[in-house]
Amino acid sequence: MNVAENPVQKLWQDQPVEGIKMPVEELRRRAGKFERRIRGRNLREYVASLIAVGLFVYFLVSAHDWLSRTTYGLFIAAMLWIVVALHHKGSAKTMPEGVDTLTGLRFYRAELERQYRVVRDVWWWYLAPLVPGFVVYTIGHAIQSPRPAAWAGLAFMDVVVAGMFVWIWRMNQKAARCLERMIQELNGAE
Amino acid sequence: MAVASEQDGLYEEAATNYGAALERLARAYEADADLRRDLLQEIHVALWRSLDRFEGRCSLRTWVYRVAHNVAASHVLRQRRTRGQELLGLEELENLPDANAHDAGDRSHALDRLLRLIQTLKPLDRHVILSYLEGLDAAAIGEITGLSAGNVATKIHRIKNMLARQFQQGGSES
Chain F
1 MNVAENPVQK LWQDQPVEGI KMPVEELRRR AGKFERRIRG RNLREYVASL
51 IAVGLFVYFL VSAHDWLSRT TYGLFIAAML WIVVALHHKG SAKTMPEGVD
101 TLTGLRFYRA ELERQYRVVR DVWWWYLAPL VPGFVVYTIG HAIQSPRPAA
151 WAGLAFMDVV VAGMFVWIWR MNQKAARCLE RMIQELNGAE
Chain E
191 MAVASEQDGL YEEAATNYGA ALERLARAYE ADADLRRDLL QEIHVALWRS
241 LDRFEGRCSL RTWVYRVAHN VAASHVLRQR RTRGQELLGL EELENLPDAN
291 AHDAGDRSHA LDRLLRLIQT LKPLDRHVIL SYLEGLDAAA IGEITGLSAG
341 NVATKIHRIK NMLARQFQQG GSES
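First to last, the sequence lines map onto chains F and E. The first sequence begins at 1 in the numbering used here and counts up by one. The second sequence begins at 191 in the numbering used here and counts up by one.
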C-alpha cells in the first residue's frame, strides 16, 4: 500500500511505533463524555441567562414604582437581546466529519472569524443594550433622592459600572487582535 | 448511516491498517510525549465517532487521513495560541541551510531532524509532506487535502528538493 521510493520515506515509515489501539468500550466512553461536555456547556449558557432574566422578572413584579419597573424592564429586554445575540453569533459549530484539509481549514477560519466578530463587536451586542437600564436607574434615583449623599452614591456606582464596561471592552479587543493574527496566519496556510 | 457494529468493524479495520501511520502522524504534530498520547487518543475517538457517518463516498484510507489531519491541525492551531510558535510554509523551508554530512548520516539524528522540520510547517504543507512520506501518490494527497493536482505536484516537487538538500540524497528527484 505505502511505497517508500526514497531513503527519507523509508526512514519515516520504518520508525518504531507502539501499536496503540483503543478498545471500542473506551472509545464509546470518551465519545459520550465529549458529547455530554458540549451539551453541558450549551445548557450552562442558557441556564445562566434564564436565572438572570428570572431574577429581573422577580424584581420587576415586586417593584412598587414606575421607575424601578422601567429599569428592570429595560434590563430584562437587554438580557433577552444578549441571549438571542449570543445564540446567533456565539454558538460554536462542530466541524463536519471527513472533510478534506482545505475545507477543514476554511471551516476553522470561518469559526475564528465568527469568534473575532463576537469579541470585536462586544460593545454593540453585549454592553450597549445594558446602558439604557443604568441611565434610567441613575436619572430616576437622582430625581427621587435629590440629596448630595445619594448623588455621590449613584456617581460612584456609575464609575464602577463604566470601569467594568471599559475593562470588558478592552479584554475583548485584546482577544480580537489575537484572533485577527491567527486568521491572517491561516490565510497564509493555504 | 452505519449501525454500531459496522462502525466498530470499520474502526477495527482502520486502526489495524492505519494505526501505525496515525502514530507517526501524531509524532509529527506534537513533540511532547504526554500531549502526543492525548492527541493520538483524540484522533482515535474522532475517527470512531466519524465512522458513524462514513458512507463510502471516498476510500477508508482517505477518510482516516482526513479525520486525523483535521484533528491534528486543530490541535496545532490550539497549541499555537498558547505557545506562540511561528509556523512556516514549504517555500520558507527551502531557504534553510543544508544539513552537514554528519547530521544526515546518523539515522536517529536524521529522524529527529526530519520531525523538527515537519513540526515547523503550516498545517496544509504538513499534511502534504506527511502524506508524501507515507508513500501516498499525488492523486491520494489531492483527495485528502482538497488541493488541485497542479498544486500537489508543485508542493511535492518542493518537498523532494528540500528533503534532498537536508538529507544529502544527491539532488532533486522530480
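Don't read these hints as lab results, they were simulated from the structure. Check each hint, because a few of them may be wrong.
SDA-like, lysine to any residue: derived pairs with alpha carbons at most 20 Å apart [claimed, not checked]:
#: 1; chain 1: F; residue 1: 21; chain 2: E; residue 2: 251
#: 2; chain 1: E; residue 1: 350; chain 2: E; residue 2: 297
#: 3; chain 1: F; residue 1: 21; chain 2: E; residue 2: 350
#: 4; chain 1: F; residue 1: 33; chain 2: E; residue 2: 235
#: 5; chain 1: F; residue 1: 33; chain 2: E; residue 2: 297
#: 6; chain 1: F; residue 1: 10; chain 2: E; residue 2: 304
#: 7; chain 1: F; residue 1: 93; chain 2: E; residue 2: 309
#: 8; chain 1: F; residue 1: 10; chain 2: E; residue 2: 347
#: 9; chain 1: F; residue 1: 10; chain 2: E; residue 2: 227
A quick look at each hint next to the structure:
| no. | hint | verdict |
| --- | --- | --- |
| 1 | F:21 with E:251 | holds, 17 Å |
| 2 | E:350 with E:297 | holds, 19 Å |
| 3 | F:21 with E:350 | violated, 32 Å |
| 4 | F:33 with E:235 | holds, 11 Å |
| 5 | F:33 with E:297 | violated, 41 Å |
| 6 | F:10 with E:304 | holds, 12 Å |
| 7 | F:93 with E:309 | violated, 28 Å |
| 8 | F:10 with E:347 | holds, 18 Å |
| 9 | F:10 with E:227 | violated, 24 Å |
Figure legend: structure checked against the earlier numbered hints; hints not met, in rising order: 3, 5, 7, 9.
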